[in-house]
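Once you've looked at the hints, dock chains H and D against the given chain E.
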Amino acid sequence: MGKNKIFYGACVYPELWSDEVMVEDYDHMQRLGMNLARLGEFAWSTFEPTPDNFDFTVLERSLELTKERGIDVIVCTPTPTPPIWLTHNHPERLHVDEHNTRMSHGSRQHICTNNPYFRERAYIIADKMMEVVKKYDHVVAIQLDNEFKCHVGQCFCENCKGLWHEWLENKYQTVDLLNDAWGTDIWSQRYNAFDQVVQPLATPFIHNSALLLNYKRFQHEKLAEFVKEQVAVIKKHHDIPITHNTGVFFDIDNEMIGNEIDFMSFDTYTPVEHYENFVMNQETWRYVKNDNRQVMLLETSTSYNGHVQNYGILHDQGYVEAEAFTTFAAGTSAFSYWLFRGQRSGCEQPHGSVVSSWGDKTIGYDSVLKVSDLFKKLKPLISQTELDEPKVAITYSDRARSFIDNENGGVYQYKALMNAFHKLFLDLNIHRKLVPEGHDLSQVDVLFSPYMHNLSKDYVARAMDMVKAGGTWFVGPMTSDRTSEHLWHTDNGLGELGELLGIESAVQFYSQEGQTTGEAFGITSDLKGLNTFVDIDTDYVKGKVTSETAKDKTFIVEKKIGKGTLVYLGAHVSDELMKELITHYAGAHTINNVLETSDEVVVFNRTEETSGKLQYWLVNLSKEEKTIQLHQPLMDKLNDQIRQAGSYTLKAYDYLVLAHD
Amino acid sequence: MGKNKIFYGACVYPELWSDEVMVEDYDHMQRLGMNLARLGEFAWSTFEPTPDNFDFTVLERSLELTKERGIDVIVCTPTPTPPIWLTHNHPERLHVDEHNTRMSHGSRQHICTNNPYFRERAYIIADKMMEVVKKYDHVVAIQLDNEFKCHVGQCFCENCKGLWHEWLENKYQTVDLLNDAWGTDIWSQRYNAFDQVVQPLATPFIHNSALLLNYKRFQHEKLAEFVKEQVAVIKKHHDIPITHNTGVFFDIDNEMIGNEIDFMSFDTYTPVEHYENFVMNQETWRYVKNDNRQVMLLETSTSYNGHVQNYGILHDQGYVEAEAFTTFAAGTSAFSYWLFRGQRSGCEQPHGSVVSSWGDKTIGYDSVLKVSDLFKKLKPLISQTELDEPKVAITYSDRARSFIDNENGGVYQYKALMNAFHKLFLDLNIHRKLVPEGHDLSQVDVLFSPYMHNLSKDYVARAMDMVKAGGTWFVGPMTSDRTSEHLWHTDNGLGELGELLGIESAVQFYSQEGQTTGEAFGITSDLKGLNTFVDIDTDYVKGKVTSETAKDKTFIVEKKIGKGTLVYLGAHVSDELMKELITHYAGAHTINNVLETSDEVVVFNRTEETSGKLQYWLVNLSKEEKTIQLHQPLMDKLNDQIRQAGSYTLKAYDYLVLAHD
Amino acid sequence: MGKNKIFYGACVYPELWSDEVMVEDYDHMQRLGMNLARLGEFAWSTFEPTPDNFDFTVLERSLELTKERGIDVIVCTPTPTPPIWLTHNHPERLHVDEHNTRMSHGSRQHICTNNPYFRERAYIIADKMMEVVKKYDHVVAIQLDNEFKCHVGQCFCENCKGLWHEWLENKYQTVDLLNDAWGTDIWSQRYNAFDQVVQPLATPFIHNSALLLNYKRFQHEKLAEFVKEQVAVIKKHHDIPITHNTGVFFDIDNEMIGNEIDFMSFDTYTPVEHYENFVMNQETWRYVKNDNRQVMLLETSTSYNGHVQNYGILHDQGYVEAEAFTTFAAGTSAFSYWLFRGQRSGCEQPHGSVVSSWGDKTIGYDSVLKVSDLFKKLKPLISQTELDEPKVAITYSDRARSFIDNENGGVYQYKALMNAFHKLFLDLNIHRKLVPEGHDLSQVDVLFSPYMHNLSKDYVARAMDMVKAGGTWFVGPMTSDRTSEHLWHTDNGLGELGELLGIESAVQFYSQEGQTTGEAFGITSDLKGLNTFVDIDTDYVKGKVTSETAKDKTFIVEKKIGKGTLVYLGAHVSDELMKELITHYAGAHTINNVLETSDEVVVFNRTEETSGKLQYWLVNLSKEEKTIQLHQPLMDKLNDQIRQAGSYTLKAYDYLVLAHD
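Sequences listed follow chains E, H and D, in order.
The first sequence begins at 1299 in my numbering and counts up one residue at a time.
The second sequence begins at 1299 in my numbering and counts up one residue at a time.
The third sequence begins at 1299 in my numbering and counts up one residue at a time.
Derived from the structure by calculation, the hints contain no laboratory data.
Owing to the predicted nature of the structure, the values given are computational and were not obtained by experimental measurement.
Please note: incorrect hints may appear among the correct ones.
A pair holds if it fits inside one copy or across any two, identical chains being indistinguishable in the list.
Said to hold, decoys possible - Simulated pairs of lysine to any residue, SDA-like, Cα-Cα distance not exceeding 25 Å: (1) 1849 - 1664; (2) 1668 - 1615; (3) 1469 - 1347; (4) 1459 - 1400; (5) 1520 - 1479; (6) 1659 - 1839; (7) 1849 - 1920; (8) 1849 - 1671; (9) 1459 - 1399; (10) 1842 - 1800; (11) 1469 - 1402; (12) 1755 - 1658; (13) 1459 - 1520; (14) 1842 - 1664.
Pulled out of the complex, with its shape left as it was, chain E reads as follows (with noise of 0.2 Å):
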């Protein structure tokens, strides 16, 4: 996996198919330039059909075809299916979801991760499996399982209970560090023994808030135990990168899980009307590991996804075209198809792919042939250009999430919150990047936080240091309002940040619309949402509430500290005063002064490696026809031709790559 090396390929199943029917698919694979077969994953039960009966012939075979064919391979895992035999007469070995329902054989997922039998039999597999691997070069990359818990959440067994009062013991030491931590006064909920911390199983109101967080965090944790004991396992046989395929909405928490594996990689299914979703998606992953910035897409579809119950929307044409376009111009190094060969059997029978079960060219055919002709022309420019570092940082946290998830309101989800945050970016042309919590800040010049109800010492601190060296940082909205426990602060509204602001007073509600207004900037913008205002000394006052509730309460401050500026938003705005907000603070960072485009057309900048010049990858993601303004001649590479200064129409789907001459 030379730099810059991009791919382009389909998940198979050797596993489901005759040995002919492989070939078939392999050859196929070939003459539609496809450099990437990802294989593995659902496969134990034919890798291992009893215990310690293994058998690798397929896997083998399938090594050495790709091989002839010049298909580089990502070789899985297959742990998220374990055969029957690991959990025949054994119930206590499954999954337990949080209604207390027991899941059985036949699906995936359905094992507890942290049983320890489990586990013992996922590393030998693995095990064996590397041995087979470490013979084949052409293995670009080893990912472990497939989408942790896409389909389940925190488990509940009796063996995760054990394992939960132990996790308990090593975070708290005694009980009652636990009880302070998590207030369990309340209700009389405090514990005198760390085994009598119960599971969050049904209960006739809600749980703590501190016990329903500690133990998502338990799981997490749990999880990334599993991830790197298996790397271990793997590390041992041989130096291929590991990765994992993530996903934005599966209960795990990805920066834990980046910690322990090389690069990460994610699956995306999203529909042409969330666009943006798609855009945020490329650009989740790329700093979860600050180090190498790779990033794979492993499945996308050609056409549709869907199962028997579920029959998926057919994209338009041209669409998956843009998606690759746009995973290519983000940086993300490939671009692969859940599946190559229809599922005969299972529940996903009807799930696009690029030839049916029955060998014929499928719906989504022609957009892969498509796929084709756009991934050669774009190697050559992939290969001289990179990705620009964005200087300008939005922190997208799984931890984050654990707080909204625990405290909804009946109103927030994360992921949405920060879709919207994101799209105006996109809007304004902002060169963004999002980034762990863990992110290493030295390169970033203005950084947001928005929607961390807890911000950990860690964080403040190398924030902090950013602010003092000339950073901005942009706090807010919805952000230090909370403990690392989810309880309340006690000493002033926002803790550690608003001893950092120096505030006087802080009130936190929820404004339904219409019942507060602010103004800042010149804008007069309804406050909806779960705002803190604050008390401040009038220098650092940037907004005021204007309406009767909450009347001349701070919603902005902005403080000058060290060398930077350390800004607070309490208050969810509308998106006009956001989009200044952003101006104000981060516009500095926008290309809007060599070309503007209209909403839905997203730009990428990339940077010609020989000659440090700035390229600008743009695609239409809408429906409709877009039109966009040139402020200076640009060379357009894909034609090879100087586009003027003027106005250009981009058609549905279409897209761009734009250089400085």
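For chains H and D alone, coordinates are given in the frame of chain E:
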């Protein structure tokens, strides 16, 4: 139950009332001209209050009272409501639903009908009852149980688990054959022994579709086995015909059950808003028993249905009379109310009846009187005619339903699809019959096979025999695209049908509204739904896609085979095009040359036995006045006067019997 | 708690805060003019962290601090939140809900209140607390527990099963009497022994309505028994009045509980959109205790309610003040916030309070200050007047509710029906009281009995005594149509009432909108709902059906009996007709001759103790300005000035006290 005898009556519950009340009610029934009482289906605890302690006093008394009054009786076995002694302290005998919830005593159908002790006791009570019943020659039928599986579906108890494994072993012989048939290599589902095969209880995502299909089939077969065994017990005593009051929504395979009993009966509470469902209901059961074509309507309401959690909607005045007319016109030999005297206890207190718990006339009483009059008038007309045997058949099948239950795609429901399909035949006045898969096709000219994901080999063979002999077989939409185990075909997209048609390729996907358009027979139609498009020799093409999506693919194929025609419709088409197709292929079977009706006026063709002439029994099943056109003079049999050719209006719920003079 | 003393205060949680914080808060309460603190209801684990290890330091300290500051106290027993030692390793003590789901520690009400060990420990902690409490004479009341059954309903644990059988045996003596009373011959439900009677857990369809009704009654009685036993423990120590903070939605029988305690209290969080519910709430509890008429409002919010899964809606400015005025005007003697200092942990962090967890003023603080002022102003006015005793009574009954819970028909909810019914009295300015079934009717002139499916013999006897003495008893709609076991009557459709009226026949059914129409008192009304129509001697007919459906049946009957009048309304009528009926039968009890108000302006009549003159306490509970008309000059007591006859406007949430000069 002589030939052409028709019945009018009600269900009675002598076990719930004093002797005085029952005498009053039977007298009342007699005064109303009723000649049918149904009784016994919930009276087990009265007949056998403790094990082996039998008391049939109430049954015998009712049989005496009815006999004296000339009221024929249907006696039901009381197996839907096992007494408390069958389940007290025996939770293992109780029905367990798909959420693994165990039922309790106190309602109906709370026991597992596969439990061996339950079956033993069911046969004993049936046996003992028949000793009483056989002494009365006015018992015209035995009803088994009541509305099998109207409240519950498949059972997941431990006993069923063992039976499931037995059933699988019988079906597949070796577990490898099962694995191959089900494609269990997917997701490592593979089983190494039959006793490992799970019951499809909770799992993180969807179970294998073959597993789901087979578990349903297993349960359906076990219920048919219960029927067969109970029938054998009863037949030892007498030859009274055995029936069951079924319904379209119950989780059973009616064809399987029909094979074990003498004739089908059904219950219906359809409101006028779904008059087409009421009519289809009349036509669903007649040919399940190919030999005798006897059907009874055993439950309908005098006014409204309902229970304590749902107050039903009161029928319009006139609707019940129109229902009764439709029932007899359609060849159904009984029209019977549920129930005569309102329930004083239980949960169905708010359900319409003939008289209330306290003996007063209910709001439905006027309707009852009107149907009494109608019944008197129709008796001679019915006795002189017989429902004309249609030559156009539509296959209606619970086996087909089980595939769509399994794969609804989030959009499909078999019953709704069939109702809409059947309604087009009503609208076009095509004389049609609904037939089971096993129907003898020798008397069929045109066979429609819609919504049958899988066609069995036997069905195809018989249909092709019909084609070769000169018939037309119209296949589709959504037919033959899955194997008998609910997998994709791998030879071609349509399996055996694909071979018969000689298709070159096939592609299937779900089209949203507006995504795909086609043209056939001069009509342009949106093709919304799960469609299969094929490539085939242009000689056979009758309809092609015109939209960019799937451009030029074929969706209607017509092929002459032997003396007949095989037609394949791959797509869901507009009503306009579907009506054109029906008219094209089955238009010879309409009566529109004699008379034409508006929608909602339904016509049944009956033949005078002596003259062999056709009669047209018309009923306006709408709230509005409707117009009909006579193209020639016809005799109005209810008024004994000639109606000249011309236009007539039919008031809401009015009806006519027209005969060739 | 002297006569006419009124209270203003808040709930406090000294077990959650440091001594410093509590001193600060009690000082603050004193400054705010508050004279009431409620505490202790969730503090069990603080008072008894391990079994028999008692520590009342926090309680004593708070009692000292409040005493010093002149703040009276309500001390609550902490039984809603048993410490972990009560349930750890003892799942059999936990509450089991109707889905057979066992609760867990960590929230509230997770234990079965019928568990003998729980009860033993509950009485011990209550006993120990009272030893402390009795030393303080500023403890003005003891509150039992907190909002009994606000989160859970009936319990289905194994222990309850045994108690259920015992309870049934006590009630019915023999199982045959139970079978007869419940009509269990239906569906072979018949029981041969009490220990066979099921708890109404999952069953395929609906349980017997008598079973459901009795299980609910059993649970309600057991809870009343818990109350009675706890009261006995407390009363051994002192005579401090005992109360409970109830609510209209809880699964309890408030009249039963009222019989065991000294006075009723209630909690309410009603928003202005349902101001009529807020007012009805004020009037629901006063006469539950016929003797003392003491009521306290113990919980309402300063601003909004809510929890982590629901951000509440912020009240309009002025609404809390209007609530406080309404509360005191309605004769309720306390207005107390939940809570003083916001919860830092648990799940109710986002709930309005007086000060936040960090001690800042909340968004509700201004309202708190305004109510402080109002409280000072009202104190003397309240002390000189008393709520006038209405002569018009409406029966409000949890027993009646239980019938409608059982048989909602998919459309009815008792509370909503009663709110709509009661609102008509508000709109008409009829001076009314809500009374329990057991209310002493000797002071009542007109009694309304709506929505009481069953009238007990005792109730009928007392109502008929009132009628004979000259009163008017207005019965219906939806009253007396079921037996006390929720069966139909079998003698006539209305049982004892039917006999009293002398009806000839009755028919009941549910009319959809537009299906049935009637006329009475010159008004034509649609009769939508579950109606009973009767045939009766025309002398008694006051309203007849005019539609084809049920043509000429009677829906209003009026019969003179003794010196009074018995009126029966069988149908749900329009508001217009219902207002006419109320005016006709209770119009003498309005104040419209003195003054008239718009809807949403609510009036309470209070009598000056010295002069015996009437005062009118008016409050505008709407968001809009409203108009009122004085027909004569009246003294404005809050401004000490005469208001001449004429029209006045009342701003949103404004209020007035008007007195005869």
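Worksheet item: With identical chains treated as interchangeable, where does the CA-CA distance between residue 1842 and residue 1800 reach 25 Å or less: within a copy, between copies, both, or neither?
Response: Cα proximity of residue 1842 and residue 1800: one copy only (17 Å, versus 73 Å across).
Discussion item. One pair to classify: residue 1668 and residue 1615, alpha carbons no more than 25 Å apart. Within, between, both, or neither?
Written reply: This pair counts as within: shortest intra-copy Cα distance 10 Å, inter-copy 62 Å.
Item to complete: Pop the pair residue 1849 and residue 1664 into one bin, within, between, both or neither, using alpha-carbon distances up to 25 Å.
Response: Cα proximity of residue 1849 and residue 1664: across copies only (12 Å, versus 60 Å in one copy).
Item to complete: Can you give me the call for residue 1849 and residue 1920, within, between, both or neither, at a CA distance of at most 25 Å?
Response: between (42 Å within a copy, 23 Å between copies)
Discussion item. One pair to classify: residue 1459 and residue 1399, alpha carbons no more than 25 Å apart. Within, between, both, or neither?
Written reply: both (15 Å within a copy, 19 Å between copies)
Discussion item. Cα distance capped at 25 Å. Does residue 1459 pair with residue 1520 within a copy, between copies, both, or neither?
Written reply: For residue 1459 and residue 1520, only the intra-copy Cα distance (12 Å) is at most 25 Å; the inter-copy one is 34 Å.
Practice prompt. Can you give me the call for residue 1755 and residue 1658, within, between, both or neither, at a CA distance of at most 25 Å?
Written response: between (58 Å within a copy, 24 Å between copies)
Fill in: Identical-chain pair category, residue 1659 with residue 1839, by Cα at 25 Å
For residue 1659 and residue 1839, only the inter-copy Cα distance (20 Å) is at most 25 Å; the intra-copy one is 63 Å.
Item to complete: Check residue 1842 against residue 1664 for me: Cα-Cα at most 25 Å, and say if that holds within a copy, between copies, both or neither.
Response: between (56 Å within a copy, 19 Å between copies)
Worksheet item: With identical chains treated as interchangeable, where does the CA-CA distance between residue 1469 and residue 1402 reach 25 Å or less: within a copy, between copies, both, or neither?
Response: between (32 Å within a copy, 23 Å between copies)
Worksheet item: Should residue 1459 paired with residue 1400 be assigned to within, between, both, or neither, using CA atoms and 25 Å as the limit?
Response: This pair counts as both: shortest intra-copy Cα distance 15 Å, inter-copy 17 Å.
Fill in: Up to 25 Å CA-CA - residue 1347 versus residue 1469, copy category
between (40 Å within a copy, 23 Å between copies)
Of the numbered hints listed earlier, not one is contradicted by the structure.
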